[in-house]
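Trainee: Sequence:
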Amino acid sequence: MPHDDIVAALSASTTWHKSTHSGGENGGCVEVATIPGHAGVRDTKLGTASPVLAFTTAEWRAFLTGVAHGEFPAG
969 MPHDDIVAAL SASTTWHKST HSGGENGGCV EVATIPGHAG VRDTKLGTAS PVLAFTTAEW
1029 RAFLTGVAHG EFPAG
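Those letters in the sequence shown? Residues 969 to 1043, by my numbering.
Note that these hints are calculated values from the structure, not bench results.
There's no promise every hint is true.
For lysine to aspartate or glutamate, the following EDC-like pairs were computed, each having C-alpha atoms within a straight-line distance of at most 20 Å [said to hold, decoys possible]:
no.	residue 1	residue 2
1	K986	D972
2	K1013	E999
3	K986	D1011
Now the in silico label distances, taken between C-beta atoms and shown as ranges [to be verified]:
no.	residue 1	residue 2	range
4	G1038	D973	31 to 37 Å
5	R1029	T988	16 to 22 Å
6	G1034	T1002	15 to 21 Å
7	T982	G1038	15 to 21 Å
Note that the structure is predicted; figures quoted are calculated from it, not measured.
By construction, the Cβ of each residue, glycine as well, lies at the ideal position given by its N, Cα and C atoms.
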């Protein structure tokens, strides 16, 4: 599937999940949606106007594994 089609499918998803680790009051929040084979991330401040970053399922799993293993130090 072409990248633009993936982003369009993710953008149209009605099921976006806000991270429980998002920044609360400071507006530093992200949401994640999934479609078969892909995951998308967007900024909650912009809602449906937010650009969507699209990843394959393998890329998303690798990122989550890295987070779980502390490969990305917090702010």
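Trainee: Does each hint hold? Answer for all of them.
Mentor: The hints, checked one at a time:
Between K986 and D972 the CA atoms are separated by roughly 23 Å; this puts the pair beyond 20 Å, and the hint is violated. A hinted pair counts as satisfied when its Cα atoms are at most 20 Å apart, and K1013 with E999 qualifies at roughly 10 Å. Restraint check for K986 and D1011: satisfied, since their Cα atoms lie roughly 9 Å apart, inside the 20 Å limit. In this structure the hint that G1038 and D973 lie 31 to 37 Å apart at CB holds, the actual value being about 35 Å.
At about 19 Å, the beta-carbon gap between R1029 and T988 stays in the expected band of 16 to 22 Å. A hinted range of 15 to 21 Å holds for the C-beta pair G1034 and T1002, which are about 18 Å apart. Checked against the hint of 15 to 21 Å, the pair T982 and G1038 fails, with Cβ atoms roughly 33 Å apart.
Hints 1, 7 from the list above are not met by this structure, while the remaining hints are.
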